[in-house]
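Asks: Chains as they are written, first to last, in the working numbering: chain A, 982 to 1227; chain B, 7 to 467.
Please note: incorrect hints may appear among the correct ones.
[Unchecked claim] The list that follows gives simulated cross-link-like pairs (lysine to any residue, SDA-like), each with its CA atoms no further than 20 Å apart:
(1) B:K421 / A:R1019
(2) A:K1210 / B:Y442
(3) A:K1214 / A:Q1225
(4) A:K1214 / B:Q449
(5) A:K1177 / A:V1166
(6) B:K384 / A:G1162
(7) B:K437 / A:A1167
(8) B:K399 / B:Y383
(9) A:K1177 / B:R460
(10) A:K1037 / B:K399
(11) A:K1154 / B:R45
(12) A:K1065 / B:D377
(13) B:K354 / A:K1177
(14) B:K404 / A:Y991
(15) B:K375 / A:A1130
In case anyone wonders, no lab produced these hints; they're calculated from the structure.
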Amino acid sequence: MTVGLFIPCYVDQFYPNAAIATLQLLEKAGVNVVYPMRQTCCGQPMANSGFEHLTKDCNELFVQNFAEFDYIVSPSGSCVLHVKDHLHSEKHEDQAQAIRGKVYELVEFLTDVVKIEKLNARFPHKVGLHQSCHGQRGLGLAQMSELVAPAFSKPEKLLSMVQDLELITLTRKDECCGFGGTFCVAEEAVSVKMGKDRVADHLQHNAEIITGADMSCLMHMEGILRRQKSNVKVMHIAEILNAQEG
Amino acid sequence: MKEGHTKDHAALADDFNQDEPRVNWHDETLWFIREKRDRAAFAIPDWEMLRETASQIKFHTLSNLSQYLEQFEANAKANGITVHWAADAEEHNQIVHSILTKNGVTQMVKSKSMLTEECHLNDYLEQNGIEVIDSDLGERIVQLAKEPPSHIVLPCIHLKKEEIGDIFHQHLGTEAGMSNPQVLTETARQHLRETFLTRKAALTGVNFAIAETGEFVVCTNEGNADMGAHLADVHVASMGIEKLIPKREHLGVFLRLLTRSATGQPITTYSSHFKKPRPGHDIHIVLVDNGRSVQLGREDFRNSLKCIRCGACMNTCPVYRRSGGHSYQSAVAGPIGSILAPNLDMKKHADLPFASTLCGSCSNVCPVKIDIHNQLYKWRQVIVKEGYADPTKTMGMKAMNMVLSSPKTFKLSGKAGRWFMKTVPFLVSNKMNPWYKQREMPQPPKESFGEWYRKNRKTNE
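Generate coordinates for the entire structure from the input sequences, incorporating the hints supplied.
Replies: Spelled out as structure tokens, the structure:
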């Protein structure tokens, strides 16, 4: 099994540690991972802004980069959801369709494909989990609080395998943080207010670290935490699952 | 900003957010209702099946709408109800006006109807010398405040009791500074009772119309629709053509879902059935299209017509809770309004499908399973293609596309961007950058993942 590692553009540029942790986690799980060097972006920022018709070149590039792999794995629920829902190709539609069926977000890949039952990780901190909407409601990484259905959470399952990690509970367990792609600048006021409220829920329950399976939400909350001069940090879930703290 | 509007959703939401304690209060009030909805829904083990059933009944009805409308018309007429058809808001208003004129009515009492808000009926009638008093308490309050409702179920949820006290002091003669809800409610009750007793015509909305029997059902918590309709000689019911359900046996499905989704109550206090006029009494029903058949023809957006106007999507919407209903500038605000309004006027409401993070919570609470967040995404594509996007945004998107579709340019601009952020941070960390206004920029790392990978792992270039 060879996995193509899909690292979203902003993770590549701003959060290489999340990408490195993703790579190392997959390698530790015995997966053969290849990072196609010519990748850029999945096209989500354009598509969610109403410019899906501009994403043709991004799509073709994505197909070129990833068609050959058995699976495609990425540390970002929203980018994966975009590829799953909207990847098309004029030249190779069959390959695009195949990619849509074999692209996975890291957490679901670890729980559903690799079926990891234990992790060699230690992270002795109070951690708050932000259930990013696209991962949760789009990919079904966890049960949604609105639905009358049995509870489950794939990220929580993995976090529970980390030694000495204390997962805090939140008052609003799956409210959106307000990032929303270009929404974060187009609707700056509401976006920031949502982010402040989301962060406050974590702070009230004494989180030391806020984690999640989508770095973009974490980037937004990090910006707010740093403006508030808070000591609370954000870390991608891959970094925690890969942590080996004393 | 667009023609006909002074400000778009983002700008109005920005205004609303100038008073943060008020935003907190608005958010918490609506979240409280979302939690009540959760308790009511989780008390029913087959809730999801109920939603699916409701969704299928509505889908079936919309697929055979003309047939059911004709059946409803025939049965309603047989029951002695006068049936009118209105192609648009204008025609609806004229029909209502002509009914009132024929009956010599210059004062009308009205119960809650979002359709009449959509048609701006009150303004129209007032311009024609007819006084309209809204009898739903929340609607009466916003009417006195000369504001439109900010929520379809809770029209004055944006007002605090102290503000309502001021409005009542000004219009209904309560003591200055009085904000005791009991006193205010009693004042409104006396005021409205006098209205009910003296009006010869009453208008209500319609929650459900049943094709099989030609009857319609009006749901209120205050009984004000009954008070108006029972005391007046003429009852006018305004109904969007999508309110139809095929059979009486389907009603139970919707009545179980409606109020649980809306307010967390097991059922509305009054679910009143109107089937035939009593002797000496007239019932008129106005069946209004106003863009609905156009929406029915838009395959991607057809399902929006399933809406039973419970408002659950507004209560759960993190954006609505923090921007307030008036920022939507549409009779129906929030997520559902954002997929209905562009159908009525795409240019005027081009901002609304973008007033969402596409978090998807709206679709999950919707009792008739409208895929609201997917429709918001699809509206964005339509609006941009029709040319209603901001030109600056279009330019930005084109530039972004150029960078992202070339691996070489992407790498170079990434490197340059990180270098700029580190070396001359004021170029990005300034007031022109909306990200930076209330958030710090990400700290640029010394190398990208791609650069790290090239150094630390075999390359496959």
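Asks: Determine for every hint whether it applies to the structure shown.
Replies: Right, here's what the structure says about each hint:
{"no.": "1", "hint": "B:K421 / A:R1019", "in the structure": "holds, 15 Å"}
{"no.": "2", "hint": "A:K1210 / B:Y442", "in the structure": "holds, 14 Å"}
{"no.": "3", "hint": "A:K1214 / A:Q1225", "in the structure": "holds, 17 Å"}
{"no.": "4", "hint": "A:K1214 / B:Q449", "in the structure": "holds, 13 Å"}
{"no.": "5", "hint": "A:K1177 / A:V1166", "in the structure": "holds, 15 Å"}
{"no.": "6", "hint": "B:K384 / A:G1162", "in the structure": "holds, 16 Å"}
{"no.": "7", "hint": "B:K437 / A:A1167", "in the structure": "holds, 14 Å"}
{"no.": "8", "hint": "B:K399 / B:Y383", "in the structure": "holds, 17 Å"}
{"no.": "9", "hint": "A:K1177 / B:R460", "in the structure": "violated, 38 Å"}
{"no.": "10", "hint": "A:K1037 / B:K399", "in the structure": "holds, 18 Å"}
{"no.": "11", "hint": "A:K1154 / B:R45", "in the structure": "holds, 15 Å"}
{"no.": "12", "hint": "A:K1065 / B:D377", "in the structure": "holds, 17 Å"}
{"no.": "13", "hint": "B:K354 / A:K1177", "in the structure": "violated, 31 Å"}
{"no.": "14", "hint": "B:K404 / A:Y991", "in the structure": "holds, 18 Å"}
{"no.": "15", "hint": "B:K375 / A:A1130", "in the structure": "holds, 15 Å"}
Violated hints for the displayed structure, listed by number in ascending order: 9 and 13.
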